[in-house]
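**Q** For the record, the sequence lines run as chains A and B. Counted from 1, the first sequence has number 90 at position 90 by the numbering used here; the numbering is strictly sequential. Counted from 1, the second sequence has number 46 at position 46 by the numbering used here; the numbering is strictly sequential.
In short, the hints are calculated from the structure, not lab data. Nothing here was measured: the structure is a model prediction, and the numbers come from that model. Ideal Cβ placement from N, Cα and C applies to all residues, glycine included. Be aware that one or more of the hints could be misleading.
As the list claims (entries may be wrong) - Only pairs whose alpha carbons sit at most 16 Å apart, straight line, appear in this in silico EDC-like list of lysine to aspartate or glutamate: (1) B/Lys70 / B/Glu15; (2) B/Lys2 / A/Asp56; (3) B/Lys93 / B/Glu15; (4) A/Lys105 / B/Asp7; (5) B/Lys56 / B/Asp66; (6) B/Lys110 / B/Asp7; (7) A/Lys78 / A/Glu96; (8) B/Lys93 / A/Glu83; (9) A/Lys68 / A/Glu83.
Stated by the list, open to error - Partner residues are not named here, just some residues of chain A that face chain B (Cβ under 8 Å, in silico): (10) Phe65; (11) Phe74; (12) Pro84; (13) Ala88; (14) Ser110.
Unchecked claim - Here are the simulated distance ranges between beta carbons: (15) A/Pro84 / B/Gly59: 38 to 46 Å; (16) B/Asp7 / A/Pro84: 25 to 33 Å; (17) B/Asn27 / A/Thr76: 28 to 36 Å.
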Amino acid sequence: DAGVIQSPRHEVTEMGQEVTLRCKPISGHDYLFWYRQTMMRGLELLIYFNNNVPIDDSGMPEDRFSAKMPNASFSTLKIQPSEPRDSAVYFCASREDRGAATNEKLFFGSGTQLSVL
Amino acid sequence: QKEVEQDPGPLSVPEGAIVSLNCTYSNSAFQYFMWYRQYSRKGPELLMYTYSSGNKEDGRFTAQVDKSSKYISLFIRDSQPSDSATYLCAMHKYAGNMLTFGGGTRLMVKP
Numbered sequence: 001d002a003g004v005i006q007s008p009r010h011e012v013t014e015m016g017q018e019v020t021l022r023c024k025p026i027s028g029h030d031y032l033f034w035y036r037q038t039m040m041r042g043l044e045l046l047i048y049f050n051n052n053v054p055i056d057d058s059g060m061p062e063d064r065f066s067a068k069m070p071n072a073s074f075s076t077l078k079i080q081p082s083e084p085r086d087s088a089v090y091f092c093a094s095r096e097d098r099g100a101a102t103n104e105k106l107f108f109g110s111g112t113q114l115s116v117l
Numbered sequence: 001q002k003e004v005e006q007d008p009g010p011l012s013v014p015e016g017a018i019v020s021l022n023c024t025y026s027n028s029a030f031q032y033f034m035w036y037r038q039y040s041r042k043g044p045e046l047l048m049y050t051y052s053s054g055n056k057e058d059g060r061f062t063a064q065v066d067k068s069s070k071y072i073s074l075f076i077r078d079s080q081p082s083d084s085a086t087y088l089c090a091m092h093k094y095a096g097n098m099l100t101f102g103g104g105t106r107l108m109v110k111p
C-alpha cells in the first residue's frame, strides 16, 4: 500500500481565496483524521470520520473550515475564505477500527504546506 | 496550561550519545502512551507504544512511563545522525479515545 496520500504537497494562495486539500486514506482503514500543525500550537485535531461519517468536528476553528468524506477512499478539507492565520501544515491520518484493541496507531500522510499571503 | 508538555529543544548531541526525551502531563486519566517520530517535511510515524507504567525496549529505543509522577521518557542509545527528527509524545485515556499530542522536541545528532 502506498500509505496515506495527500495533495497538493504545497499550496500558496492569497487571502480570501478558496483552498481545497485532498486525502486518500489507506485502503481498509475505517477512521480518517485531519490535523493542523504549527510551531505555536503543535499538532491539533480538526475533525475525524468513522466509516465516512463525521464524528467530532469540535477542533474545526470556525465556519470557514469544512470537511467531507464522500466515500471510503477520499476526503477533502476546504477553507473558504482563507486567511493568513490559516498558514500551517495540514495532515491527514487514518487507522483501522481495532475494536477493543488499544493501540491508537495512526498512519499520517506527508502533509500539505499551506501558505496564505 | 497544556495537557501534555514537551521541551521544544532543539537538543543537539554528538553521534553515539544517549538521548533522553521527556514529556509531562496533567491528566491522570491517560493510560496509553506513545512516541511518534517526525522527519522534516514528513508526517509523524509511530515509534513506540506503552500501556500504563513501566519500561518497553525496542532495539536502541526504550520508552519509560512513570504514572505517579505523570512523566514519560524516551531513551535512545548509541544515537545516529539518522535519528535527527522531531519526537512527539502522545497519549490517550481509553480504547477509541483520541490522541493528545505534545508539541514535540527537535533532536539533532551530529556526526
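**Q** Could you run down the list of hints and mark each one as holding or not?
**A** Taking the hints in turn, this is what the structure says about them:
Taken as a hint, the B/Lys70 and B/Glu15 pair is broken in the structure, with Cα atoms around 30 Å apart against an allowance of 16 Å. Annotation: proposed proximity of B/Lys2 to A/Asp56 is violated, straight-line Cα distance about 20 Å (limit 16 Å). Of the supplied pair hints, the one linking B/Lys93 and B/Glu15 is violated, its CA atoms being roughly 36 Å apart against a limit of 16 Å. With a CA separation close to 23 Å, the supplied pair A/Lys105 and B/Asp7 exceeds the 16 Å bound.
In summary, the hint linking B/Lys56 to B/Asp66 is supported, as the alpha carbons are separated by about 12 Å, within the 16 Å threshold. For the given pair, B/Lys110 sits about 20 Å from B/Asp7 by alpha-carbon distance, which is inconsistent with the 16 Å threshold. About 24 Å separates the Cα atoms of A/Lys78 and A/Glu96, which puts this hinted pair outside 16 Å; it is violated. At roughly 34 Å between alpha-carbon atoms, B/Lys93 and A/Glu83 are farther apart than 16 Å, so this suggested pair is violated.
Taking the CA atoms of A/Lys68 and A/Glu83, the gap is near 20 Å; set against the 16 Å cutoff, the hint is violated. Checking A/Phe65 against chain B by beta carbon gives a least distance of about 18 Å; that is not within 8 Å, so the hint is violated. The beta carbon of A/Phe74 comes no nearer than 18 Å to any beta carbon in chain B, farther than 8 Å, and the hint placing it at the interface is violated. Violation of the interface hint for A/Pro84 is found here, the shortest Cβ-Cβ separation to chain B being roughly 21 Å, above the 8 Å cut-off.
For A/Ala88, the suggested interface contact is broken, since its CB lies about 14 Å from the closest CB of chain B, more than 8 Å. Checking A/Ser110 against chain B: minimum C-beta separation of about 5 Å stays under 8 Å; hint holds. The beta-carbon spacing between A/Pro84 and B/Gly59, approximately 43 Å, falls within the hinted interval of 38 to 46 Å. Separation of B/Asp7 from A/Pro84 is about 29 Å and conforms to the stated range, judged on CB atoms against 25 to 33 Å.
Between B/Asn27 and A/Thr76, the C-beta spacing of about 33 Å keeps the proposed range 28 to 36 Å intact.
Comparing the model with each earlier hint shows violations of hints 1, 2, 3, 4, 6, 7, 8, 9, 10, 11, 12 and 13; every other hint is respected.
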